[in-house]
Amino acid sequence: MKKSIEKKPAFGRRNLTWFAGAAALLLFAYATGSGLVVYFLYATLLIMALSRLIVEICLRGLECLREVSRMEIPIGERVEVILTVRNKGFLPIPWAFVEDLLPQKMPITGEYTRLLTLMPGQEEKLLYQIVFNRRGYHQIGPVLTETGDIFGFFRRYKTGSAKDYVIVYPSVESITEYDIAARRPLGTVKITNRIFEDPARILGVREYAPGDPFNRIHWKTSARTGVLHTKVYEPSKVIGATIVLDFHEDGYRKTGSVPISRDRGELAVITAASLANYIAEANEQVGLITNGRDLAEEARWESLPLFGKFREQVAQSARRREKSTALAPFMIPTRKGSEQGRLILEALARLDYTDGSSIDRILSYVIQQLSRDSSILVIVPEVSDATAVTLSVMKEAGFSIYLFMIDNEAGYFEAVDKLVSKSIDIYHIKDVEGLAKFATQDIYY
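Using this note's numbering, the first residue of the sequence shown is number 50, and each one after it goes up by one.
Rather than coming from a laboratory, the hints here were simulated on the basis of the structure.
None of the values given here were measured: they were computed from a predicted structure.
Here are the computed distance ranges between Cβ atoms for each label pair:
1. Y91 <-> E112: 31 to 37 Å
2. E112 <-> S387: 37 to 43 Å
3. R302 <-> I416: 24 to 30 Å
The beta carbon of each residue, even a glycine, is placed where N, CA and C say it ideally should be.
My request is simple: use the sequences and hints to build the entire structure.
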């Protein structure tokens, strides 16, 4: 199945020129009675028709296969790519120009474009390397192929359907101190409602009752008193944290300008990644909630080969992604596990800005799914009145909330004014270095 993207009129200026020239020659031939001109005209039209047919056949006979060395890498790593171009048709291809469409502004070495001549069954290989210098869910491909007839009458373009996606994980900063733990530990804590009993925390002993397991018998007390006694454990559960990341594009725009401040956005992602990594390495439960867009979800749309007459139009259509209109939050459920940290880092790698739901609406949507026994770490570029109200309501409902303001000094003090009365701790993350240590004096509570 093919998809055509030709939007310009089929009977364009070039076709009009050919038609006018042919009509003029035909009138001249009849006016002068020159049969040679008529035969020349017929031969030219036949050659043009055959040339166009051959170009279409040759274009469909081209096959491109890509091999990518790694699909998941840390930021700054190199990926090697081998592109194989094969003529699987029965006609020779006099010339074909192939180009693998790559992410922009990435250092590239090697050969990702080439002018080829291919006999039936012949193949050529292109080798190149890409250094991925920024976080993201980066698309490699499809291959843009250009070919035409030997007379120069026709030129056609085609893209393949094969695209590969490389996940580039965000940077993770090592956190040496975490003062949140001084107020609400991330480890196991004593609770009033029994969830499960922790064998590491002995509350006391009691006399043995029928049905008590023998591995709970306190033998020293039993020997001393002459009566069997059973250990009683404290009820406890894991606290951990749920990270909430506001990735709405309006919050990251530079003051008084339209462009988004990518540096602040990346600082927000690094903050979320570093917190998630710290908590996961402490073997605690951790999760992620964000209003950002999942680029992997958008990449699932069916990809078909594109055909057209205009190179720029085909290339732009091949690079275009269908933007997701989903308003539901992008979530990684809060839980423990060896893979939890990696899942969150992968989700953050695929994250892009949204113009959809605000973070206060997302929190209102998921509040019933959140546990009051885990900390809520909210990472924002600014605190709107609606967000302040939502956080205040959550605090009064018993949630333990900590706010991380991303490189916004004025917004930081505004947030303090709005939330200090609710005893919500607020951190100002000015740069990456500030992630290494959360100083007590930087917290308002």
